[in-house]
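Asker: Sequence:
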Amino acid sequence: MYKTKLALISILLFFTIQISFGQKKVSEADTKELEAAETKMFDAVLKYDSAYWKDNVPDDYITINADGVMQTKEQILADSSRKNLFAGVSFKLFDRKIRLYGDVAIINGRSQYLMGDKILGEVYHTEIWIRRNGKWMFDGWQGTYTKGTQTNFRPH
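For the sequence shown, position 75 matches number 75 in the numbering used here, and the numbering has no gaps at all.
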């Protein structure tokens, strides 16, 4: 029993130390770069800017959207049915938390999607960013509707 507890504590301590040393403090410069990249991404997604997808998103990108749709970059660029999903929609970002692991950043937050003053939906999201040649690239998304908003998102 004692050896089992000691082994479990050792394993827990090992992973805690690994996580602590793997994550580095996010500098003000990285924060500003990532916030600007995130805003650019949201603008591009809402406008369905195909040039953004080609220049700022790696080929291995995966999205898992709040509406249950999972797509690759290739599928997004080919999907004409969703191109106008966000036409006329604006966004607001809240509760942003940025974590940095070398050239990988994870951003957690909450986003609201609005048509004028009406909130159409609100999503908790996780974004994955990778830095390639000094540029932050949008590499992954997972969104989950916040409680009570999943039935309200009907932009058109």
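Just so you know, these hints were derived from the structure itself, not from any lab. Among the hints, a few may not be true.
Simulated restraints, written as ranges between beta carbons of each label pair [stated by the list, open to error]:
id	residue 1	residue 2	range
1	Thr39	Asp79	21 to 29 angstroms
2	Phe91	Ala51	16 to 24 angstroms
3	Glu28	Asn108	15 to 23 angstroms
For lysine-lysine, the following DSS-like pairs were computed, each having C-alpha atoms within a straight-line distance of at most 25 angstroms [said to hold, decoys possible]:
id	residue 1	residue 2
4	Lys97	Lys135
5	Lys24	Lys54
6	Lys25	Lys73
7	Lys32	Lys118
The C-beta atom is built at its ideal place from N, Cα and C for all residues, glycine as well.
Asker: Is 16 to 24 angstroms respected by the C-beta to C-beta distance linking phenylalanine 91 and alanine 51?
Answerer: 19 angstroms, holds
Asker: Hint check: lysine 25 vs lysine 73, CA-CA at most 25 angstroms. Holds or violated?
Answerer: 30 angstroms, violated
Asker: Taking the beta carbons of glutamate 28 and asparagine 108, is their distance inside 15 to 23 angstroms?
Answerer: Roughly 19 angstroms apart at Cβ, these two residues keep to the hinted range, so it holds.
Asker: Are lysine 32 and lysine 118 close enough, with their CA atoms no more than 25 angstroms apart?
Answerer: Not OK: lysine 32 and lysine 118 at ~29 angstroms, beyond 25 angstroms, violated.
Asker: Compare the distance between the alpha carbons of lysine 24 and lysine 54 with 25 angstroms, and conclude whether the hinted pair is satisfied.
Answerer: The hint is violated at about 29 angstroms.
Asker: Quick check on a hinted range of 21 to 29 angstroms for threonine 39 and aspartate 79, using CB atoms only.
Answerer: 23 angstroms, holds
Asker: Is the straight-line distance between the alpha-carbon of lysine 97 and that of lysine 135 25 angstroms or less?
Answerer: 20 angstroms, holds
In this structure, the earlier hints numbered 5, 6, 7 are contradicted, and the remaining ones agree with it.
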